[in-house]
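> All chains, please: the whole structure from these sequences, using the hints.
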Amino acid sequence: FILKAEAAIMVRAAEPWPEKATLYQPLKEDQILLSDSASSLAVQTFLRMCGLPVQVSCCANAEYMSPSGKVPFIHVGNQVVSELGPIVQFIKAKGHSLSDGLDDVQRAEMKAYMELVNNMLLTAELYIQWCDDYTATEISRPRYSSPYSWPLNHILAYQKQWEVRRKMNAIGWSGKNLEQVYEDVSQCCQALSQRLGTQPYFFNKQPTELDALVFGHLFTILTTQLTNDELAEKVKSYTNLLSFCHRIEQTYFKEHDRESQSGSSRHSKGSLP
Amino acid sequence: MKNLLLCWGGDWDLPSVHTDSLIVLAYAKFSGAKLAVKSIDWTWRTITASVPQLHYEASTVTEPTQILNFLRKQRFNADYELTAKQGADTMAYIALLEEKLRPALLHTFWVDADNYANLTRPWFTSHSPFPLNFFVPGRQASLALSRILLTKAESPLLNITEVEGKIYSEAKECLNLLSHRLGNFHFFFGDTPTSLDAFVFGHIAPLIKAPLPSGQLQKHLNQLDNLCQFCNTILKNYFNASAEKRTDCSPTAIHDPVDANLQKLTQLVNKESNLIEKMDDNLRSSPQHRPNSTPPS
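If you read the sequences in order, they're chains S and D.
Residue 43 in the UniProt record's numbering is what sits at position 43 of the first sequence, and the numbering runs on without skipping anything.
Residue 276 in the UniProt record's numbering is what sits at position 276 of the second sequence, and the numbering runs on without skipping anything.
Please keep in mind that the hints were generated in silico from the structure rather than gathered at the bench.
Where a beta carbon is used, it is the ideal one built from N, C-alpha and C, also for glycine.
Careful, some of the hints might be misleading.
What the hints assert, rightly or not - In silico EDC-like links for lysine to aspartate or glutamate, alpha-carbon gap of 20 angstroms or less: (1) Lys172(D) - Asp103(S); (2) Lys176(S) - Glu230(S); (3) Lys152(D) - Glu173(D); (4) Lys92(S) - Glu173(D); (5) Lys85(D) - Glu115(S); (6) Lys28(S) - Glu138(S).
As the list claims (entries may be wrong) - For the chain D half of the interface with chain S, some residues (derived, Cβ under 10 angstroms), not all of them: (7) Ala84; (8) Ala141; (9) Leu143; (10) Ile148; (11) Leu178.
As structure tokens, then:
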């Protein structure tokens, strides 16, 4: 039945991209956390790279509206698709793709590096947010539950924390301490830095979904205020990754930069230092 | 120098049936580390130990990635010839294996009802001491199921059937990607095996060799010739001697490895000559002499 579902998506996706496509994420100022913000930025970057306009709409209950429970998700015509992987496939069915020029081996590499980012960077972000007690108490729980009143805010925040900790346990990350997690992030950044080398994008001259994903995570890490700056420092030590982020920010976000600067939240420090 | 590696025992022509144990065993062979291997079958360690586990002098290390790092620090390094970019590729492909292939492997062996009841549970039950044989397989199965659900299913529904289609199609895609990447080479980075080869071997060897009653993923993998060849090459070149000693299901268990090779060769030659004789008979015999078929009118 999985093939039928995919075929159904492809048939419905054959309509052209509408004017009023919307991307939903949690509230930017007060609610959204590092990991969700990174995923959302990755999707937005990917859509800009494809040249598809989308409006960003912030809702407190974005997570519950999403079909898979994860943010961000896009609402296009009468389709709702969440998470970067399915969104890339959906966009491909509409005829836009960034990775068509790659051969099989390169495509294998691209998918492998995307999994590396998901496996290491995203998991590390989730760990730091929810498994580190200090960060969870000072930042994650208050922010996550800010739109709600007592006692719902407590219940939801602790429920989310419990869920994330269960997942960390299942994949074997609960035995790690913060130092080891920072070390993993550093190794992941080193791998990305070595793969990028001196090229403008990961696959030579053209950006792909991998560039969007890496940019989303690295930019968010660099511009988000956590309890300490150690995570950002780990990323900053790789200069080619910094210039990669600058380049994408300049190329794809420049014209909207002024609007986003004025509305930048206390949580985010705005543009890159 | 006291060193000891604890891991699950072997079967089906493999030195171990457990993916993580296979990864460490393969890497030890590739890097030339001489480890005393002890299987935890039929001991209480089946429930107390986190396998694979390396005891080296005074320290204890678990988890394949940690053990490989530890071995590298002890100068058993199979990756020293890799460039920086290849090292980065290794990390990326290992992440791909963990995210895309591991859930489907867990499902095939531990969650699929047919396989679990007919292969996995009997094997682990028969390799655990009484009374642990009642607990060990069930515990592993529930750990496997919870890992799949927590990482792949959409909360809060957590229904396994919705996820099955997705994890198998992702696993098949992952196997295709690995096959493309391997191409016609012996190993993933040239002519000598590295840690990536150990990881891939650990994941696909049980899938190739286990006699699974219901194995759609196995069928898919068998179509990818270069991956099967890769697995068999490693078994032949690095595990031949120990496979001969360990195997208990092959009909001719010989103690001397040289004789065993000769025996195998003789068997193959005999098989070939039997086949040739049969073909010869078929060609010579005329249609009306063929036993169970009606003669053409």
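> Take a quick look at whether Lys152(D) and Glu173(D) sit within 20 angstroms of each other, Cα to Cα.
holds, 16 angstroms
> Run the distance test for Lys92(S) versus Glu173(D): straight-line Cα separation, threshold 20 angstroms.
Judged against 20 angstroms, a Cα distance of about 17 angstroms means the pair holds.
> Hold the hint about Ala141(D) up to the distance rule: shortest CB distance to chain S must be less than 10 angstroms.
Result: violated, 14 angstroms to nearest chain S Cβ.
> Should the hint that Ile148(D) touches chain S count as held when the rule is a Cβ pair under 10 angstroms?
holds, 9 angstroms
> Hold the hint about Leu178(D) up to the distance rule: shortest CB distance to chain S must be less than 10 angstroms.
holds, 7 angstroms
> Tell me if the straight-line CA distance from Lys176(S) to Glu230(S) falls inside 20 angstroms.
With Cα atoms ~17 angstroms apart, Lys176(S) and Glu230(S) stay inside 20 angstroms; holds.
> At a threshold of 10 angstroms, is the proposed contact between Leu143(D) and chain S supported by beta-carbon distances?
holds, 8 angstroms
> Within a Cα-Cα threshold of 20 angstroms, do Lys28(S) and Glu138(S) meet the stated pairing?
holds, 18 angstroms
> Starting from Lys85(D), check that the Cα of Glu115(S) is at most 20 angstroms away, please.
holds, 17 angstroms
> Is the interface hint satisfied for Ala84(D)? The criterion is a beta-carbon contact with chain S at less than 10 angstroms.
holds, 4 angstroms
> Next pair to validate is Lys172(D) with Asp103(S); report whether the Cα-Cα distance is within 20 angstroms.
Given that 20 angstroms is the threshold and the Cα spacing comes to 18 angstroms, the pair holds.
In the structure shown, a violation is registered for the earlier hint numbered 8 alone.
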